[in-house]
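Peer 1: Could you build all of it, start to finish, from the sequences and the hints given here?
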Amino acid sequence: MKKLINGVDNIVDEMLDGMIAAYPKYLKRLDGFDVVVRAGGSDGKVALVSGGGSGHEPAHGGFVGKGMLDGAIAGAVFTSPTPDQIFEAIKAANGGKGVLLVIKNYTGDVMNFEMAADMARDEGIEVDQVITADDVAVENSTWTTGRRGIAGTIFVHKLAGACAEAGGDLAEVKRIAEKVIANVRSMGMAVDACTVPAAGKPSFDLAEDEIEIGIGIHGEPGVNREKIGSVNDIADKLLAKIFAEGIYNAGDEVAVMVNGMGGTPLMELFVANKHISEVLAGKNINVYKTLVGNYMTSLDMEGFSITLLKVDDELKKFLDAPADTPAFVQV
Amino acid sequence: MSTRVYDCLKAIGEKIIENKDFLTELDREIGDADHGVNMARGFQSVIEKVSQDDPDIGAALKKTGMTLLSTVGGASGPLYGTAYMEAAKVFADKQTVTAEDFKAALEAAIAGIQKRGKAEKGEKTMLDSLLPALDAYSEKIAAGGSIVDGLDAACAAAREGIEFTKTIAATKGRASYLGDRSIGHQDPGATSATMTLEVIRDFLKG
Chain U
82 MKKLINGVDN IVDEMLDGMI AAYPKYLKRL DGFDVVVRAG GSDGKVALVS GGGSGHEPAH
142 GGFVGKGMLD GAIAGAVFTS PTPDQIFEAI KAANGGKGVL LVIKNYTGDV MNFEMAADMA
202 RDEGIEVDQV ITADDVAVEN STWTTGRRGI AGTIFVHKLA GACAEAGGDL AEVKRIAEKV
262 IANVRSMGMA VDACTVPAAG KPSFDLAEDE IEIGIGIHGE PGVNREKIGS VNDIADKLLA
322 KIFAEGIYNA GDEVAVMVNG MGGTPLMELF VANKHISEVL AGKNINVYKT LVGNYMTSLD
382 MEGFSITLLK VDDELKKFLD APADTPAFVQ V
Chain B
1298 MSTRVYDCLK AIGEKIIENK DFLTELDREI GDADHGVNMA RGFQSVIEKV SQDDPDIGAA
1358 LKKTGMTLLS TVGGASGPLY GTAYMEAAKV FADKQTVTAE DFKAALEAAI AGIQKRGKAE
1418 KGEKTMLDSL LPALDAYSEK IAAGGSIVDG LDAACAAARE GIEFTKTIAA TKGRASYLGD
1478 RSIGHQDPGA TSATMTLEVI RDFLKG
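Those protein sequence lines, which keep their order, are chains U and B. Letter 170 of the first sequence, counting from 1, is numbered 251 in our numbering, and no numbers are missing. Letter 133 of the second sequence, counting from 1, is numbered 1430 in our numbering, and no numbers are missing.
Treat the hints loosely; a few may be bogus.
[Said to hold, decoys possible] Here are the simulated lysine to aspartate or glutamate pairs, EDC-like style, with alpha carbons at most 16 Å apart:
| # | chain 1 | residue 1 | chain 2 | residue 2 |
| --- | --- | --- | --- | --- |
| 1 | U | K109 | U | D94 |
| 2 | U | K370 | U | D393 |
| 3 | U | K84 | U | E95 |
| 4 | B | K1386 | B | E1397 |
| 5 | U | K282 | B | E1326 |
| 6 | B | K1463 | B | E1326 |
| 7 | U | K172 | U | E204 |
| 8 | B | K1412 | U | D199 |
| 9 | U | K282 | B | E1322 |
| 10 | U | K282 | B | D1318 |
| 11 | B | K1412 | U | E195 |
| 12 | B | K1502 | B | D1446 |
| 13 | B | K1415 | U | E195 |
| 14 | B | K1360 | U | D165 |
| 15 | U | K178 | U | E207 |
Keep in mind the hints are simulated off the structure, nothing from the lab.
Peer 2: Structure representation (structure tokens):
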């Protein structure tokens, strides 16, 4: 394993301090906790708090700032943060108007966030939650934990965050978050695995000419393993699963996110986006806005995910609203 | 007695830490390769925090639960944390363990795990070891067995539970994404839960 680290034990701690050093205008860290909140606080508005295991940077701390999140908790690499940490984030982010937790659908994340929410309610803080589950690679049935939350979560941060910034109350911010969740779907793939620093070796092995379709953001297995083809072919496969949801039809408008997994050059993401935009045009689906970049990564995994969000006038308004965070700025 | 509970908790921690790589490897096969690492981190902290000065068994177990909750993370943190905290309620202000108390504590711990994890028997989780263990324990002491007799039966049932998890597909937790591909692998949570019962039994025997 070759990594730019000082040791595996202090990675999250050092990363957070490095983020604070880079973005003092945006972020401050809660003393003794792996939590970042807005440097200027969040008084007078509904607060959005998210988080999860580390290794998905810039998610989630990079999206703390005006128009998006109010607080983010960083767990150990790929491990949900603990309830006490989440509880501190809720208390610190709370601006008196209630707190909405944005939780990615993983067993551990849901349990830890729900325990923290109980603790916060015991202290009289109004807390509600939404669970993102946008990954169409995983079947949603009673036989699984349900779909995983992946890159589509960033659209929840953006749009629900804009709603909160505009003065929406907790119920309204939650309604927008759930509207985004109902209209957003994603699917990813990997060209090569990531290496968790503490593990020291790749999470799985792929042959030189093999790819994994439907990969999760922790390197969990996907739908199937196959020979690599052109990026156009790969994008077609991901899009086919997303289209099969029946949400995105001719005449619809969508926001597109082409998300890098951490180890894939932007050049390749743009090549993918060229084809994605052409496929959407061919289906008479209008692309309202496109984001290309590393939003929800998986350490050094090579690969990408495609996310589509169907937008109407209401969602477009929140999509277009200004945001000012370390990892996403829109004037 | 609080010295004894401290020693027992320490023994559980040492067993988990000793099996860190084994538990992690089990989790690598069907999960996300962190069960041993996370549990070892949690119990290292338990060993440091729980002390011989804790006034009673309940206090020591409560501290154990809180510590696991704040250090393990993932799904195991809330599940084991809840289990110890629920068991702690049974032992509040107590300095000794009776066979009936132990049954009540095991019942409370399992109820807490089920409430938190929303799982049933047969979903390839720690419950596949713990529920049969509770049944075997209860049956044994109802027939007049001692706490050690009960734990002997519980540990045997828990081991069988581990074997059972190899035959079924996961429907809870991250292994559920694998569907039938999880068959053939033993559940890491059932394994660590069984180890815990075995350490308690060995401790009470010793």
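Peer 1: What are the numbers of the hints the structure violates, in ascending order?
Peer 2: none
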